[in-house]
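**Q** Residue numbers (the working numbering), protein chains in the order written: chain A, 1 to 802; chain B, 1001 to 1317; chain C, 2001 to 2164.
Treat the hints with care, as some may be off.
[What the hints assert, rightly or not] Covered stretches of chain B, as calculated for chain A (at least 3 residues, CB under 8 Å): (1) 1001-1010; (2) 1215-1222; (3) 1277-1289; (4) 1293-1301.
For the record, the hints were derived by calculation from the structure and aren't laboratory data.
The beta-carbon is built from N, C-alpha and C at its ideal position, and this holds for glycine as well.
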Amino acid sequence: MTAAGTSGAAGSAAPAAGAGSAYGPLRRKEDARFVRGRGQFVDDIQLPGMLHGAVLRSPLAHARILSMDIASALAHPKVEAVITGEMLAGRGLAWMPTLSQDVQAVLATDKVRFQGQEVAFVVAQDRYSARDALELINVDYEPLPPVIDAKRALDPGTPVVRDDLPGKTDNHIFDWEAGDEAATAAVFAAADVVVTQDMLYPRSHPAPLETCGMVADLEAVSGKLTLWSTSQAPHAHRTLYALIAGVPEHKIRVISPDVGGGFGNKVPVYPGYICAIVGSMVTGRPVKWMEDRSENLMSTSFARDYHMHGEIAATSGGRILALRARVLGDHGAFNATAQPTKFPAGFFHIFTGSYDLQAAHCQVTAVHTNKAPGGVAYACSFRITEAVYLVERMVDQLARELQMDPAELRMKNLLRPEQFPYTGPTGWEYDSGNYPRALTLAMEMAGYEQLRAEQAEKRQRGEYMGIGLSFFTEGVGAGPRAHMDILGLGMADGADLRVYPTGKAVLAISVQTQGQGHETTFAQIVAQELGLSPDDVEVVHGDTDRTPFGLGTYGSRSTPVSGAAAVIVARKVRARARIVASAMMEVSPDDLDWADGAWRVRGDPEQSASIAQIAMAAHGSLELPDGVEGHLDAETVYNPPNLTFPFGAYICVTDVDPGTGVVKVRRFIAVDDCGVRINPMIVEGQVHGGLADGVGMALMQVIAFDESGNCLGGSFMDYLLPTSLECPSWELGATVTPSPHHPIGAKGVGESATVGSPPAVVNSVLDALAPFGVRHADMPLTPANVWSAIQGRPLRTDLAVS
Amino acid sequence: MQVPAHVEYERATSVEHALELLARFGPEARVLAGGHSLIPMMKLRLAQPETLVDINGLDELSYLNVTGGELRIGALTRHAQLLDSAVAGELFAILHDAEKVIADPIVRNWGTIGGSLCQADPSEDLSATFAALKATMMIRGPQGIRAVPARDFHTAPYETVVAPGEILTEIRIAIGATRGEGARGEGARGGQARGGQPRGGQPRGSAYEKVGRRVGDWPVGAAGAVLWLRGDTIAEAGIGLSAVGARHFAAAEAEEFLRGTAATPEAFDRAGQIAAEHCRPTSDQRGPADYKRHLARELTTRALRRALLRATADLAA
Amino acid sequence: MQITVTVNGTAYKREVEPRLLLIHFLRDDLRLTGSHWGCDTSNCGACVVWLDDTPVKSCTVLAAMADGHRVRTVEGLEQGGQLDPVQEGFAQCHGLQCGFCTPGMIMTARWLLDHHPDPSVQEIREAISGQICRCTGYENIVRSIQWAAKNADWGQADGAEATA
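Chain A on its own, in the form it takes in the complex (with noise of 0.2 Å):
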């Protein structure tokens, strides 16, 4: 159900909808494959001779390796090899660059640092006896108190996570800030209403139903390295492993096939990656690894892990001035959070959110403990869901404290459509909005006044329903290389566009679907540019031999990146066309008019040359003139002048039972801008997924530690994720207000939902408790904990519950 309320297109740039238009709910071309089971995912992949890898772990979260033992496993008759952290170091390989500067073991030499951590790596003939053969190897460990709670990770006399460091002394990473903290303690100090409140955004995990995995396999004679792998950002890695392995780049092809799921899991390089290729190096032969669910929960990037201080600062009247955020960062053992370099805490500076504030300052301080490393993952858009649980939740205790209505106190305080584009305190420069007619779709969409009048009767018999809402700015799309590369790679994308002599295109791009469409959309888009069918516009994708390089699909940045790439290409090839139409018609090209799919004479539209005709012209032996090769292709390489920032309003209802804490989501209204939308469908299947995040992470989702540092979420049984029983039948709205530097006005979502939903559960749940006096709890508010914040004493959801 989706009730459209769209403003009228932005300029020439914006493409015009409805007959004729390629935009639209149009049918997934990837489908046919996966409807019949016939998606090609890593683990599907088997090649003659392939051997197969598993990976020994830690139990311990921190201990030192005094010896091993391979023996026996070398002795299995089925065992082709045994890679230890001993052998990777003399190589060179032992150790691995992070995505944030820092290293991170491959396999474990003097210390494991985390439960899970990869000590040895076993390649044997099946996967079942590779898993026989973990069992034989032999660790002598000697324990080490593990440094567990973050809190206290800086205490002095803590044990020191990062001895490998020369000089470490400490479990600091980093100290960072943004914004102006004079000017906002200035604001503070003068302000009627001052509000804090202490929050945790927990350890989760992204969790794709397809874990990861790769087979690895180094050619001998012509030192090809061939590596299938469930990879976000196949050209990325294949870099890395150039840069890490030693590999020459042009001899490494990386493959992402099909991907179950991403979610910025699939970014970083893990050992298990290293270890894969090391052992096609070693044994001469194809080497399939895949983790199994525990290790991916145990040892992959998890998300978030933020420990938050908020401040709020406003007018009595409800007139907000100030946010100030305190922040300490749970980073793991290793740092290798996966961000844009220069902005080591992510976007987490755009806290200040919808609203306009005068000041704003944030200081984040990262440290080590003995847990996995990761933090940035999980459709964060770079810890933007860290910032917008933040700033959502700290208004709604501002209403609380105005006892004022927390949409009314939201409405007063959005920015406006007229302030756009917006440059706030902590230097966004947000690019269009229209934030109020948003939140009154979605209000009008809920029925708000009926919910608040039907809490209020239910308050009187007992009953406990709560109304939570969520306003989000997620700024999306990185982005412009001048300040934003990984690793010192620019964020900008290449896309590569080729019309066929027959007038079929194929256009291979730098972005790695895990299900969002690309193949449908980016035909979509170039099918618009070029008055093609869909169905002429051949998408592909991740396979680094023959697309060009980029930065990958994460942080939502495949519709504003590579999507500008598509349409810029496309149009290039649309110029050249329009030079070779001049040719046909012999017309100047200025004489030459785009419309319905052809290039027309002016004044006599009749007279015209469709792309399939000029490209069958351009293979021919038809007279070129200067500036035009002959054939019909282009390429780009798009620099995107600056982020994206789609929006959203959200409403989350709930119904408490206060007497088990059992809370059950009754509706969740979305409404979403993400600009101009290339297929609704897909869109809305994007918003979807997101939504059910929200439900899962305010709700259940969560991976603590016991004190002895055992993870206590490394399975599906412990590690809770939403079924369709927990979700509800999802209400979208949409507005489109176009973002006025993207070709054609398209912003992204395919994170907003899993920003923006989890604080609109959140408010929902703590909105229905109101009346018990909680004024906070975190989540995941399962029933212990919310039936522990009743009685007063809401559960610590980082650590083992006591």
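Please arrange chains B and C on chain A, whose structure you already have, making use of the hints.
**A** This is chains B and C only, laid out in the frame that chain A set:
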């Protein structure tokens, strides 16, 4: 995905054959029914039997019938079959209440009643259910068949009285009350139960209440109640508790309190309190001990209330 | 040990270890990679196939248990190049994104509609509640199954018109 260690496999063609195989392969042999308790343990290598004796082909162990005033359930009955059985649901709604919240529909297609009971997880919903129903377990071994009350079936977490050479074959539930006024033999009649008819002047109602962090999860706490009424008085009560450290999955003291009292909300509140006092929950990621103790009380009371509603509906039918 | 399993109508005789899980037998031995695996604890349902007409989690069944029995996987749904209405429904209603949970969802949906041709939304949600999807938020999976229920005759020789 994690995978099991090496194991041998035998397929039984009859119950006798299964017993023979168990005897032959000794204490490291395990019965393999639906496998949905055992195989996950084997994949994590928490269980490493040497031999599996597959009994899935033993149709003679899969049935649901009423005989001699008892509902008899073959141990190989799949969860889905119990959930689907109109007879079972009419006699004891608690069975359907519980099955609806055990695992998920696909697991229920293959997992068996016997398998779940023999797994003996301290959070097993069926253990509480059959405790509430005061069921009897029929265990068959080389010496013949022996009957063990459900409440004596579990000896410790993951341990039952079923010896290595034995197989659980059947669960029996007396339809009339077994003790107290109106016990079986006084006014109870044999033969087929008809839906909604009180048996022997003994209206009966039952219910199961479970709190989980998510659908399909093990319970954080769960309570099942069965009431046999005599007028407004409780002739007999059965209360089963799961995941809260209740002895034998039962609240015997609360049952004792209810026997012979009037079926009132106050009585149910008090019963809930007593049940909570006698359990020993432990804190874990599902919840702290004080919360679980609270659930023991709250859910016992709720289960009793719903059981009463159903018993009164039973009367009115 | 030697086992014979009939998969999608074809009998396969293979030598396997008793511990081999059915999902691995299908994927690795028979190269039927349409069914997937996604967890260690029988929670995710990416592996759902039919064993003798009953949907099961094939990661929790030994191949040995399927000896002498029938298995149906997603590869067995398409008949003579014609998609099953459930498959068509998923494509029509955007019931999939990455495609990894899809075969399991489709097999459960097919079974549900065979036994309950007109299920309510609640019945559909309950039927798939043992299977995880990370992409769709389930809404479009429900709509896809509803589409298949409404268009049960889709694709048949008499060419019934599809209803939205």
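**Q** Tell me, which hint numbers fail for this structure?
**A** Nothing - there is no hint that the structure violates, so all of them hold.
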